[in-house]
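Novice: Could you build all of it, start to finish, from the sequences and the hints given here?
Heads up: the protein sequence lines correspond to chains A and B, in order. Numbered per the working numbering, the first sequence spans residues 1 to 241. Numbered per the working numbering, the second sequence spans residues 1001 to 1241.
Worth flagging that the hints you see were computed from the coordinates, not collected in a lab. Worth double-checking, as some hints may not be accurate.
Beta-carbon label-pair distances, calculated as ranges [unchecked claim]: (1) His188/A <-> Gly1236/B: 16 to 24 Å; (2) Glu1080/B <-> Gly66/A: 30 to 38 Å; (3) Glu1134/B <-> Pro102/A: 42 to 50 Å; (4) Arg1196/B <-> Asp230/A: 30 to 38 Å; (5) Ser189/A <-> Thr1202/B: 23 to 31 Å; (6) Gly1060/B <-> Glu80/A: 32 to 40 Å; (7) Glu1207/B <-> Thr214/A: 53 to 61 Å; (8) Asp1133/B <-> Thr153/A: 33 to 41 Å; (9) Glu183/A <-> Arg1198/B: 24 to 32 Å; (10) Val38/A <-> Glu1134/B: 39 to 47 Å; (11) Asp1133/B <-> Asp125/A: 50 to 58 Å; (12) Pro102/A <-> Val1233/B: 36 to 44 Å.
Built from N, CA and C at the ideal position, the CB exists for glycine as well.
Protein chains: 2
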Amino acid sequence: MNIPEQTEEDYLRGYSAQDFHAPLCTVDVAVFGVDDGVLKVLLVRRRDHPCRDRWALPGGFPDLSGDSDIAQTAHRKLREKTGLDAPYLEQVESIGNATRDPRGWSVTLLYFALLDFAKVGALVDDTEWVAVDEALARPLAFDHVTLLQTARTRLQSKTRYTALPMRLMPEAFTLSELQQVCETILGHSLEKKSFRRRLEKTDILTETGEMRPTSRRPAKLYRISGTHRDDFVFPGMLEAR
Amino acid sequence: MNIPEQTEEDYLRGYSAQDFHAPLCTVDVAVFGVDDGVLKVLLVRRRDHPCRDRWALPGGFPDLSGDSDIAQTAHRKLREKTGLDAPYLEQVESIGNATRDPRGWSVTLLYFALLDFAKVGALVDDTEWVAVDEALARPLAFDHVTLLQTARTRLQSKTRYTALPMRLMPEAFTLSELQQVCETILGHSLEKKSFRRRLEKTDILTETGEMRPTSRRPAKLYRISGTHRDDFVFPGMLEAR
DNA sequence: GCAATAGTGTCTATCAGACAATATAAG
DNA sequence: CTTATATTGTCTGATAGACACTATTGC
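Specialist: Below, the structure is given as structure tokens:
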């Protein structure tokens, strides 16, 4: 006797996502900017439970009707807080466990974003740029201290073997300015010659032809070249002092 | 007039995770093993909708009562399919979008696992070891072709600058055997001297004192040293030919 | 001894660290 | 001219690629 098989269409017709006990699923973003030699991160004061009134990384639930994917959720959260549309966004890792959120089992997809601090306009209420070291000393919501630490460590690692920090720069910048930003991220100074040599050997940057008139000798201005791929890695790492 | 504030306890008492429209959340694992010069991956034939009868990476939903975190979910799925308890497990990335699962918005946390192929016993029904190249040519369930490709690429990258492939080896192994496994992963041959030199300069491996009696000259056996940290990286990469 | 695999010696090329030297602007 | 910053020259040390060489075993 053949029991008629249920087709996939039959199955999906009877399926409701709410029938399953799913964990909470969120996106959190560590938004980094360098302000006058200080690496800062964007914090938001939570207006709702849980962790009401605590500072937290911006983040939240995907909008299942509005967001087509998780990166879009992260971009939307960023736009809501900074008004900026297309900063550099990179996934760091995902944490899921029973204890990080008092509402129950929850999973978060952690991203970091890099943007030109000077471009950020007025902030939404209850939003603040905080030096990363100071943010890590605050009692942030949920496990956001750990998340922020993980995101900064990733940014530091990639600063040693990629040109990622240029995504924190304005449209045009000098090599000295880029080096200072890298030093700010890493927390120590870098060898000027090594820093410049590895960039010269690649096509990552293009001279704009303009100069930055500084107090003394003017410096060449560069922009990110059109052919640069963000997955580029240098053959060696900068010192890990 | 003061409206009494709702405390976090009040809030949580009234909260139910089911009130929110959450995406589906799963873990998928690419389980790798090297069998006689071939990189293989463990596939499972799906017995349920959606994608019934298609081959897929082992995975599934976290057990909100039984799993304390996501890594434990991945370990549990592995144990169910291979009977092995503690293979090497590493998170690769997370994919979340509206289209990858016909049931609706879904997020998956992708891991890869490395294990000694020889240690795997009999498989559960509808489970099969498949050469990765062949698996990628099959019409796998959901977006698992992409997931498998991403996992293999990550394994290949880390083979160039870490000692990760030793997690695919038995307890004791020779340097030639380890090199062959690396070559299998990368799909091309490696310089013997470079390969050995970089290992000698570290404390990653320890001689067991035993020798492997091969057909010709016997080879020293090594095991992973007790002090090795899996986050170790070599200063340079092996050729990316 | 011969063949085959294990393991070593060593030269070269590349690239980061160190730091000295030169270039160019303001004042 | 002096000074500060930008930019370059160049020597050294570390490490990967290439490849020839030696060592050890079974036959």
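Novice: It remains to establish, for every hint, whether it holds in the given structure.
Specialist: Status of the hints after comparison with the structure:
| no. | hint | verdict |
| --- | --- | --- |
| 1 | His188/A <-> Gly1236/B: 16 to 24 Å | holds (22 Å) |
| 2 | Glu1080/B <-> Gly66/A: 30 to 38 Å | holds (36 Å) |
| 3 | Glu1134/B <-> Pro102/A: 42 to 50 Å | holds (47 Å) |
| 4 | Arg1196/B <-> Asp230/A: 30 to 38 Å | holds (34 Å) |
| 5 | Ser189/A <-> Thr1202/B: 23 to 31 Å | holds (28 Å) |
| 6 | Gly1060/B <-> Glu80/A: 32 to 40 Å | holds (33 Å) |
| 7 | Glu1207/B <-> Thr214/A: 53 to 61 Å | holds (58 Å) |
| 8 | Asp1133/B <-> Thr153/A: 33 to 41 Å | holds (35 Å) |
| 9 | Glu183/A <-> Arg1198/B: 24 to 32 Å | holds (30 Å) |
| 10 | Val38/A <-> Glu1134/B: 39 to 47 Å | violated (53 Å) |
| 11 | Asp1133/B <-> Asp125/A: 50 to 58 Å | holds (55 Å) |
| 12 | Pro102/A <-> Val1233/B: 36 to 44 Å | holds (37 Å) |
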